[in-house]
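Got chain A sorted already, so can you dock chain B onto it with the hints?
Line by line, the protein sequences give chains A and B.
Position one of the first sequence corresponds to residue 1 (this note's numbering), numbered consecutively onward.
Position one of the second sequence corresponds to residue 1 (this note's numbering), numbered consecutively onward.
Treat the hints as calculated values from the structure; they're not laboratory data.
Among the hints, a few may not be true.
[What the hints assert, rightly or not] In silico DSS-like cross-links for lysine-lysine, where the CA-CA straight-line distance does not exceed 30 Å: (1) A:LYS104 with B:LYS104; (2) A:LYS78 with A:LYS104; (3) A:LYS85 with B:LYS78; (4) A:LYS78 with B:LYS104; (5) A:LYS85 with B:LYS104; (6) B:LYS104 with B:LYS85; (7) A:LYS85 with A:LYS104; (8) A:LYS104 with B:LYS78; (9) B:LYS78 with B:LYS104.
Just so you know, these numbers come straight off a predicted model, no measurement behind them.
Residue strings, one per chain:
There are 2 protein chains.
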Amino acid sequence: MNPATGIAPTPEPPYYAVIFTSKRNSSDDHGYGVIAQRMVDLGSRYAGFLGIESARGPDGVGITVSYWRDEAAILAWKRDPEHEKAQLAGQHNWYADYHVRVAKVERAYGSLRTAGKHVT
Amino acid sequence: MNPATGIAPTPEPPYYAVIFTSKRNSSDDHGYGVIAQRMVDLGSRYAGFLGIESARGPDGVGITVSYWRDEAAILAWKRDPEHEKAQLAGQHNWYADYHVRVAKVERAYGSLRTAGKHVT
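Isolated chain A (complex conformation):
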């Protein structure tokens, strides 16, 4: 993402978004943070990764949106062995609830100066 604004400089649509909404429980904050950062580092190395945006408020509700070139890239990352372990840990230890939506971005606009330019 753009470190100044937290907004991912994605290319022109179409591309895919994975919207991951979750509610954290209160356990094991440190272990969670380490694994969450590791998943960002690992996932962003996958072919077809375009960017990621994330926010979590004081109520424990968080939204992470990762952007991908196509469905094949999303599935390859979902099946990464280390990611699979993290998904199970999230389900069993860290999330009171979560929901994942896979969506095709059809149009985009905004104030972002880099809109339409995939800045690496």
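Just chain B now, with coordinates in the frame of chain A:
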């Protein structure tokens, strides 16, 4: 949204998501909060509104995802006169940067007990 978990109990796909990512500046927190809540109240009365999820972290980066039955519902809400005023206020006063993506949700899964049931 589900008040216990912050996750919107959306119906089975397909439906639409509007992903609004923003970076707040530091001005006028109170005025912003009042208008932001008003927009949630007003938008959720529009035909085709399915739900909303929102999170903003301590770095000022926020993600709000609203869910809609179709593109026509999204456009009707975008053109609401009070919403148009709020959009301008956001651009000029409250956001250092923002980006909007309109995406068609193709599949969804998660731990949400209400998944696939549109709870009103």
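Numbered hints the structure breaks, given as an ascending list: 3
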